[in-house]
Amino acid sequence: MLSNDKLFDKGFEYLVNKYQERLYWHIRKMVHFHEDADDVIQNTFLKVFKSIKGFKSQSKLYTWMYRIATNETINYLNKNKKHIHQNMNDALNEFENKLKSDEYFDGDKAQLLLAKGIEQLPAKQKQVFIMRYYDDLSYNDISEILNVTVGSLKASFHHAMKKVETYLKENVSYV
Amino acid sequence: MSKDLMPTDYFKNLKSKILNEVLSLEDELGSNAPILYNLIGKNSYLTPNNYFEDNLLKIKSFKARPTRVLYFKVASIAAMLLVLVTAFWHVTNSTLPETSLAENEILDYYIGNDEDIDSDILLEISENYEPDFDIELANVSDEELDIYIESILDDLNINDFATIDY
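Going down the list, the protein sequences come from chains R and F.
Numbered per the working numbering, the first sequence spans residues 1 to 175.
Numbered per the working numbering, the second sequence spans residues 1 to 166.
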């Protein structure tokens with residue numbers, strides 16, 4: 001459908017309809033805030049729109065789109081990194097206050113703590129953790145998206161899981 | 001290794017190998033991360049009402065209004081405005097008294113006092129103005145656009161436009 005000029009519009013619309021929610025939530029869990037996720041999803045589909053004709057079917061369409069969404073998210077986060085020299089605690093407190101006052105966040109204390117626990121992860125572990133924990137993607141799919149071996153992904157997820165769980169345990173009295 | 005041979009305990013390990021492949025998230029978290037396990041599937045993030053329906057319309061409008069091209073056009077208009085004001089100054093500076101003002105100070109004056117600009121002269125300049133670029137947007141790559149826009153913006157001082165009342 002997408003390779004046929006006449007059907008391209010319909011095909012693209014179908015793609016957006018089918019994948020926008022899934023990609024949005026993937027992005028949202030990485031960036032946390034709706035406005036940011038909205039920017040990234042627009043950029044993602046703009047990129048998909050511009051490059052879909054070059055898609056080679058060597059990977060699954062949705063893993064290809066996930067890869068674009070992930071790269072766009074990372075670029076966005078890097079571009080908007082404001083407090084490079086800020087220590088982790090200050091950064092997490094600032095993040096917590098922003099999330100608490102966000103009209104599109106409706107989590108309880110446990111959810112807030114979980115978001116903070118994920119936020120403190122190194123970027124790579126955060127990606128893997130979100131894809132596995134929230135998106136419930138298989139290791140094979142994550143491997144295709146991130147171009148990382150399954151073994152390495154399992155190790156990353158295991159470390160991330162331990163770190164987040166420890167963070168939750170340490171702060172469980174606040175829950 | 002001969003094709004008749006296989007690794008030791010191949011069949012014994014096969015079951016656990018396959019099970020490992022289909023290990024679910026719940027299994028994986030299991031007793032390792034009970035708190036995380038209890039929080040699975042709870043979504044605390046919201047979106048505005050009808051966000052995904054509206055988003056579909058927004059995304060469908062890409063063909064009509066690609067972001068980068070819009071940005072390019074804004075930068076081009078800003079550049080054109082600067083050229084027009086500069087050209088206006090060149091056309092009219094013979095009528096100005098001898099001063100020690102620098103070129104950019106005179107330009108600042110016109111930008112800050114656009115009511116002093118004779119609209120007939122400006123119109124004449126704009127009719128004769130031929131931009132020194134002729135770019136077919138559809139054939140321009142993102143990188144080329146970035147370089148072009150940066151070259152325009154490098155030449156502009158955004159403060160110069162801050163006082164213009166559009």
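If you're looking for bench data, these hints aren't it; they were derived computationally from the structure.
Quick caveat: nothing in here was measured; it's all calculated off a predicted structure.
Among the hints, erroneous ones may be present.
In silico DSS-like links for lysine-lysine, alpha-carbon gap of 25 Å or less [said to hold, decoys possible]:
hint, chain 1, residue 1, chain 2, residue 2
1, R, Lys47, R, Lys79
2, R, Lys154, F, Lys60
3, F, Lys42, R, Lys18
4, R, Lys163, R, Lys124
5, R, Lys126, F, Lys58
6, F, Lys42, R, Lys154
7, F, Lys15, R, Lys154
8, F, Lys42, R, Lys163
9, F, Lys42, R, Lys116
10, R, Lys100, F, Lys42
11, F, Lys60, R, Lys10
Just some of the chain F residues that point at chain R, by a computed CB distance under 8 Å [stated by the list, open to error]:
hint, residue
12, Asn32
13, Ala33
14, Ile35
15, Leu56
16, Lys58
17, Ser61
From chain R, some residues computed to sit far from chain F (all C-beta separations above 12 Å) [claimed, not checked]:
hint, residue
18, Glu13
19, Lys29
20, His34
21, Leu61
22, Leu77
23, Asn80
24, Met88
25, Phe95
26, Asn97
27, Gly107
28, Gln111
29, Gln120
30, Val148
31, Lys162
32, Glu165
33, Leu168
By construction, the Cβ of each residue, glycine as well, lies at the ideal position given by its N, Cα and C atoms.
Now for the hints, and whether the structure bears them out:
Between Lys47(R) and Lys79(R) the CA atoms are separated by roughly 17 Å; this keeps the pair inside 25 Å, and the hint holds. For a cut-off of 25 Å, the pair hint linking Lys154(R) to Lys60(F) is broken: about 38 Å separates their Cα positions. Taken as a hint, the Lys42(F) and Lys18(R) pair is honoured in the structure, with Cα atoms around 22 Å apart against an allowance of 25 Å. Distance check on the hinted pair: Lys163(R) and Lys124(R) sit about 13 Å apart at the alpha-carbon level, within 25 Å; holds.
Restraint check: the Cα-Cα separation between Lys126(R) and Lys58(F) comes to about 29 Å, which exceeds 25 Å; the hinted pair is violated. Restraint check: the Cα-Cα separation between Lys42(F) and Lys154(R) comes to about 23 Å, which is no more than 25 Å; the hinted pair holds. For a cut-off of 25 Å, the pair hint linking Lys15(F) to Lys154(R) stands: about 19 Å separates their Cα positions. The straight-line distance between the Cα atoms of Lys42(F) and Lys163(R) is roughly 20 Å, inside the 25 Å bound, and the hint therefore holds.
Taken as a hint, the Lys42(F) and Lys116(R) pair is honoured in the structure, with Cα atoms around 15 Å apart against an allowance of 25 Å. Of the supplied pair hints, the one linking Lys100(R) and Lys42(F) holds, its CA atoms being roughly 17 Å apart against a limit of 25 Å. With a C-alpha separation of about 10 Å, the suggested pair Lys60(F) and Lys10(R) falls inside the 25 Å cut-off, and the hint holds. Because the smallest distance between the Cβ of Asn32(F) and any Cβ of chain R comes to about 7 Å, under 8 Å, the interface hint for this residue holds.
Taking 8 Å as the C-beta contact cut-off toward chain R, the hint placing Ala33(F) at the interface holds, the least distance being around 4 Å. A distance limit of 8 Å between C-beta atoms decides the matter here; for Ile35(F) the minimum to chain R is near 4 Å, and the interface restraint holds. For Leu56(F), the suggested interface contact is upheld, since its CB lies about 6 Å from the closest CB of chain R, less than 8 Å. Taking 8 Å as the C-beta cut-off, the interface hint given for Lys58(F) holds, the closest approach to chain R being about 7 Å.
Evaluation of the Ser61(F) hint against chain R yields a violated restraint, the C-beta minimum of about 10 Å exceeding 8 Å. Distance to chain F contradicts Glu13(R) as a non-interface residue, since its nearest Cβ pair spans about 6 Å, not more than 12 Å. Look at Lys29(R): its CB is around 8 Å from the nearest CB on chain F, not clear of 12 Å, so calling it non-interface is violated. Not every Cβ of chain F is farther than 12 Å from the Cβ of His34(R); the closest lies at roughly 6 Å, contradicting the non-interface assignment.
The non-interface label for Leu61(R) is consistent with chain F: the shortest C-beta to C-beta separation is roughly 16 Å, beyond 12 Å. Here Leu77(R) stays apart from chain F, with its beta-carbon at least about 17 Å from theirs, past the 12 Å limit. No beta-carbon of chain F is positioned within 12 Å of the beta-carbon of Asn80(R); the least distance is around 17 Å. The Cβ of Met88(R) sits about 20 Å from the closest Cβ of chain F, beyond the 12 Å cut-off, so the non-interface label holds.
Chain F leaves Phe95(R) outside its interface by the beta-carbon criterion, the shortest separation being 14 Å against a cut-off of 12 Å. Every Cβ of chain F is farther than 12 Å from the Cβ of Asn97(R); the closest lies at roughly 16 Å, confirming the non-interface assignment. Distance check on Gly107(R): its Cβ comes as close as 3 Å (rounded) to a Cβ of chain F, failing to clear the 12 Å threshold; non-interface status is violated. The beta carbon of Gln111(R) sits about 4 Å from the closest Cβ of chain F, which is not more than 12 Å, so the claim that it is off the interface is violated.
No beta-carbon of chain F comes within 12 Å of the beta-carbon of Gln120(R); the shortest separation is about 14 Å. Every CB of chain F lies more than 12 Å from the CB of Val148(R), the least distance being 17 Å, so the non-interface label holds. A beta-carbon of chain F comes within 12 Å of the beta-carbon of Lys162(R); the shortest separation is about 7 Å. Chain F draws Glu165(R) into its interface by the beta-carbon criterion, the shortest separation being 4 Å against a cut-off of 12 Å.
Distance check on Leu168(R): its Cβ comes as close as 4 Å (rounded) to a Cβ of chain F, failing to clear the 12 Å threshold; non-interface status is violated.
This entry does not satisfy hints 2, 5, 17, 18, 19, 20, 27, 28, 31, 32 and 33, going by the numbered hints stated previously.
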